[in-house]
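Visitor: Can you make the complete structure from the sequences, with help from the hints?
If you read the sequences in order, they're chains A and B. According to this note's numbering, the first sequence is numbered sequentially starting from 1. According to this note's numbering, the second sequence is numbered sequentially starting from 1001.
No lab work stands behind these hints, which were simulated from the structure alone. Fair warning: there could be bad hints in the mix.
[To be verified] Partial list, derived from the structure: chain B residues whose beta carbon lies under 7 angstroms from chain A:
#1 Met1001
#2 Ala1008
#3 Thr1019
#4 Asp1045
#5 Ala1048
#6 Leu1049
#7 Ala1052
#8 Ser1055
#9 Arg1059
#10 Ile1076
#11 Ser1078
#12 Leu1081
[What the hints assert, rightly or not] Simulated crosslink set (EDC-like; lysine to aspartate or glutamate; CA at most 16 angstroms straight-line):
#13 A:Lys123 x A:Asp103
#14 A:Lys421 x A:Glu367
#15 A:Lys434 x A:Glu418
#16 A:Lys142 x B:Glu1043
#17 A:Lys136 x A:Glu107
#18 A:Lys70 x A:Asp181
#19 A:Lys124 x A:Glu107
#20 A:Lys520 x A:Asp488
#21 A:Lys136 x A:Asp181
#22 A:Lys70 x B:Asp1045
#23 A:Lys142 x B:Glu1053
#24 A:Lys142 x B:Asp1042
#25 A:Lys142 x B:Asp1045
#26 A:Lys97 x A:Glu133
#27 A:Lys361 x A:Glu418
[Unchecked claim] Covered stretches of chain A (chain B as the covering partner; in silico rule of three or more C-beta atoms under 8 angstroms from a C-beta of chain B):
#28 25 to 36
#29 85 to 97
#30 162 to 172
#31 530 to 543
No residue lacks a Cβ here, since even glycine has one placed at the ideal position from N, Cα and C.
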Amino acid sequence: MVTLATLCHRLGGSNTAERAVRNARRAQALLAFLFVCAFTIVSGRIIHYGASANDLPVLAVATGPAVLAKNRPDIVDRHGRLLATDIRIYWLAANPKQIVNADDAAEKIAALFPDLNQAALAKKFRDKTSRFEWVKRGLTPKQAEAVHALGIPAFTLFPTNQRVYPAGNEAAHILGITNVDNEGRSGVEWYIDQKLASQVMPASLSERPIVKLALDLSLQHVLTEELSHAMDLYRAQAILGLVLDVRNGEVLASASLPDFDPNRREQAAEQNRQNRVVTDVYELGSVFKSLTIAMALDQGVANRYELFDASPLIVGNFFLRDPHATRQLMSVEDIFIHSSNTGAARIAMAAGMNRQQAFLKSLGLFEKIETEAGTSPLPVFPKVWRPTNAITIAYGHGIAVPPLLFAGAMASLVNGGERIKPTFLLSEKGSDEKGQRLMLPQTSDVMRDLMRLVVERGTGRRAAVPGIAIGGKTGTALKVKEGRYTHDVINSFVAAFPIDAPKYLLMVTIDEPKPEEPGKINEASQNAAPTVGAIIKRIAPMLDILPTPRFDEAATTPYEQAAPRERQRFYRRNPYEISGFNQGYSAYGQYQYSPGYQNYWPYSR
Amino acid sequence: MRTLCLLAFGCFVGLFAYTYNLKLKTRGLETEARELVNALQDEGDFLALMRAEVSYLSRPERIEDMARKTLKLEPIASAQLVPWSAVAPGTGAPVQTSRAPSARKDGIAALIEKASAQTAPAGVR
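Guide: Here it is, written out as structure tokens:
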């Protein structure tokens, strides 16, 4: 204050007492002003700090612990049962530089985790140049607590996420696997990362979005169990099966054995663990006759009672004989029911190669199928379509397709002729929405009836289940190994049920089954068909399939009124001895041809 | 002047005390919030774990084994299912049963039938 007064004194001069007083006043005023300024600034800062929330330290913990592995949405089945979820686990790391007694620490850790090698750990911990070493990944909260209780400050626990699959092996192929960073590597997990990542990535572990699959865990379990039973029974190399909703293409269950446990992702890399339903192509054999005959019916090449020659067939140097052909002439119906190769070949010849190609193409059998569980390879089919190709493809050889693709085509055959796209997610298609029409509804009706006859009195008899109307087709294909056909077989059975108004399609393919007992026949009718029967018997009640009212209703219907099924059944037997033509008493009346094919009729045999 | 100085100093001290107090409180709340968030996180983690556990314990494989061991029941067959119409006449397609006309005279049976006809949705088993 003195200095300030002196300053004022010097500035103003202090010649007179009056001036000295004035200077002192000025000095006081200046001082007061400076004080006010200082107080104002300090007060302002204090108020600022006290009042404004922005400058307060942010709650760093609110963002959660550092996320080392990705958060993933839960995957649930169509009824909301959990198939894949994340749990909190810990990764244990050590800072060897801070470890005082390396051997002691290694011993303690090895005591907690017997699978770790103590000597290797001790060696790691003794390396004082290193500051970071992973000790173990995937600690459960209890294990993490135990490590924490050791009280060694050199150990750090990183909380992170790990994918777990509570259902174990069930649906492993559809779900796929994730890597150690929790990124999807195959199946739906991969699809989620690729296609849904922006929509469904969760923020925290407890509140997470779900991805709902079309899968039904109970069905999946039954399918897997029955298939594994069949695999043991027939000592097969592999087996696959799938249940498809024929109306919207939802895959309700899909199994491929041998499978793996997605909780142990290293198993997925073992041999033969691929998802055969999507990623393998098979020559499926006689099940293809359904397509050949549907083509012939749809395009007006033949009707179901038309007679075809089933005697051995020679085209060029290709000779085809048929052990199933019981007589020289067989009707289309009998060719299908008894699965005659020569008959099917002659039907395809009558239709011609162009129509065969066009029909198979319209069913999508020449394209890859892209699903949420992976993309299939391109089906294998001849580049140049020769008559021999047409003949072999008529009974399912010389064309190899992924089973799921074929099941989709078969679904179109029984659902009234609409195209469907197999999907593992819930379908967006409404129940009344119509798909692309591939064939006449009448064709589908006839095919359903033929498929029913196969189970009633044809090759599929062993698939019959009391009370449920099943239709199906067997397929025994010779297996190709190293480019040659062998005596090993791939047996398939495609079934639709209830066949009056099909809702579901079940396909089973057994790779290299052996006969149940030595010397017995090794055809689809003997192994694939009973497997399908066993599966349908168990899954039908789960799918709310009521027993077909055929007998019950017939019993309660008054005599004057024809029984609902028998009304149609009565005229079914066509004595093809009279003529190959429909004599006008078919339940289906005169066959309706699609307008485009009128010109081909009558064709020359 | 002195008054002003004292007043300002008093103000200063008051504000200081206020800010200090506020800071202490904030620290306390912060700690509390951190604890709560941690607890929430732990509970969330636990919830996720328990959900996984429940799904693991109720997987069909295990339930089936247990059912086979403890229950003396057979798997249901389709033949055992009947449509609603068979249980509650009038809701679905009519089914003629021999006892139907005589049973109508029973007042209680009529009540039950009436109730089930109202509650049972058509077409549902």
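Visitor: Run every hint past the structure and note whether it holds.
Guide: Going down the list of hints, with the structure as the test:
1. Residue-level restraint check for B:Met1001 holds (minimum Cβ-Cβ distance to chain A is 6 angstroms; threshold 7 angstroms).
2. Hint status for B:Ala1008 relative to chain A: holds, with the closest Cβ pair at about 4 angstroms, below 7 angstroms.
3. Taken as an interface hint, B:Thr1019 checks out: its beta carbon lies about 4 angstroms from the nearest beta carbon of chain A, inside 7 angstroms.
4. The restraint placing B:Asp1045 at the interface with chain A holds, with a minimum CB-CB distance near 4 angstroms, inside the 7 angstroms limit.
5. Using the Cβ-Cβ criterion of 7 angstroms, the hint placing B:Ala1048 at the interface with chain A is satisfied: the shortest such distance is roughly 5 angstroms.
6. With 7 angstroms as the threshold, the beta carbon of B:Leu1049 comes within range of chain A, its nearest partner Cβ sitting at about 5 angstroms, so the hint holds.
7. At a threshold of 7 angstroms, the smallest CB-CB gap from B:Ala1052 to chain A is about 5 angstroms, leaving the interface hint in force.
8. For B:Ser1055, the shortest C-beta to C-beta distance to chain A is roughly 4 angstroms, which falls under 7 angstroms, so the interface hint holds.
9. Because the smallest distance between the Cβ of B:Arg1059 and any Cβ of chain A comes to about 5 angstroms, under 7 angstroms, the interface hint for this residue holds.
10. For B:Ile1076, the suggested interface contact is upheld, since its CB lies about 5 angstroms from the closest CB of chain A, less than 7 angstroms.
11. Hint status for B:Ser1078: holds, given a least beta-carbon distance of 4 angstroms to chain A, under 7 angstroms.
12. Hint on B:Leu1081 holds. Least Cβ distance to chain A is approximately 5 angstroms, under the 7 angstroms limit.
13. Annotation: proposed proximity of A:Lys123 to A:Asp103 holds, straight-line Cα distance about 8 angstroms (limit 16 angstroms).
14. For the proposed pair A:Lys421 and A:Glu367, the alpha carbon gap of about 12 angstroms is at most 16 angstroms, so the pair holds.
15. Using a Cα cut-off of 16 angstroms, the hinted pair A:Lys434 and A:Glu418 holds, with the two alpha carbons roughly 7 angstroms apart.
16. Proximity of A:Lys142 to B:Glu1043 is assessed by CA-CA distance (about 15 angstroms); at most 16 angstroms being required, the pair is judged to hold.
17. Proposed proximity of A:Lys136 and A:Glu107 is supported: the alpha carbons are some 14 angstroms apart, at most 16 angstroms.
18. Of the pairs offered as hints, the one joining A:Lys70 and A:Asp181 holds, with about 6 angstroms between alpha carbons and a cut-off of 16 angstroms not exceeded.
19. This hinted pair checks out: A:Lys124 and A:Glu107 have alpha carbons roughly 12 angstroms apart, not beyond 16 angstroms.
20. Taken as a hint, the A:Lys520 and A:Asp488 pair is honoured in the structure, with Cα atoms around 14 angstroms apart against an allowance of 16 angstroms.
21. For the suggested pair A:Lys136 and A:Asp181, the alpha carbons sit about 14 angstroms apart, so the restraint of at most 16 angstroms is met.
22. As the CA atoms of A:Lys70 and B:Asp1045 are separated by approximately 15 angstroms, the hinted pair is consistent with the 16 angstroms bound.
23. As the CA atoms of A:Lys142 and B:Glu1053 are separated by approximately 15 angstroms, the hinted pair is consistent with the 16 angstroms bound.
24. Our distance criterion of 16 angstroms between C-alpha atoms is met by A:Lys142 and B:Asp1042, whose separation comes to about 13 angstroms.
25. About 13 angstroms separates the Cα atoms of A:Lys142 and B:Asp1045, which keeps this hinted pair within 16 angstroms; it holds.
26. For the hint pairing A:Lys97 with A:Glu133, the CA-to-CA distance comes to about 10 angstroms; that is within 16 angstroms, so the pair holds.
27. With a CA separation close to 14 angstroms, the supplied pair A:Lys361 and A:Glu418 stays within the 16 angstroms bound.
28. Residues of the region 25 to 36 of chain A with a Cβ under 8 angstroms from some Cβ of chain B number 4, which satisfies the need for three, so the listed coverage holds.
29. For the region 85 to 97 of chain A, the stated coverage by chain B is satisfied: 4 residues place a CB nearer than 8 angstroms to a CB of that chain, which reaches the threshold of 3.
30. With 5 residues bearing a CB less than 8 angstroms from a CB of chain B, the region 162 to 172 of chain A meets the requirement of three and the coverage assertion stands.
31. Given a C-beta distance limit of less than 8 angstroms, the hint that chain B covers the region 530 to 543 of chain A holds, as 4 residues qualify and 3 suffice.
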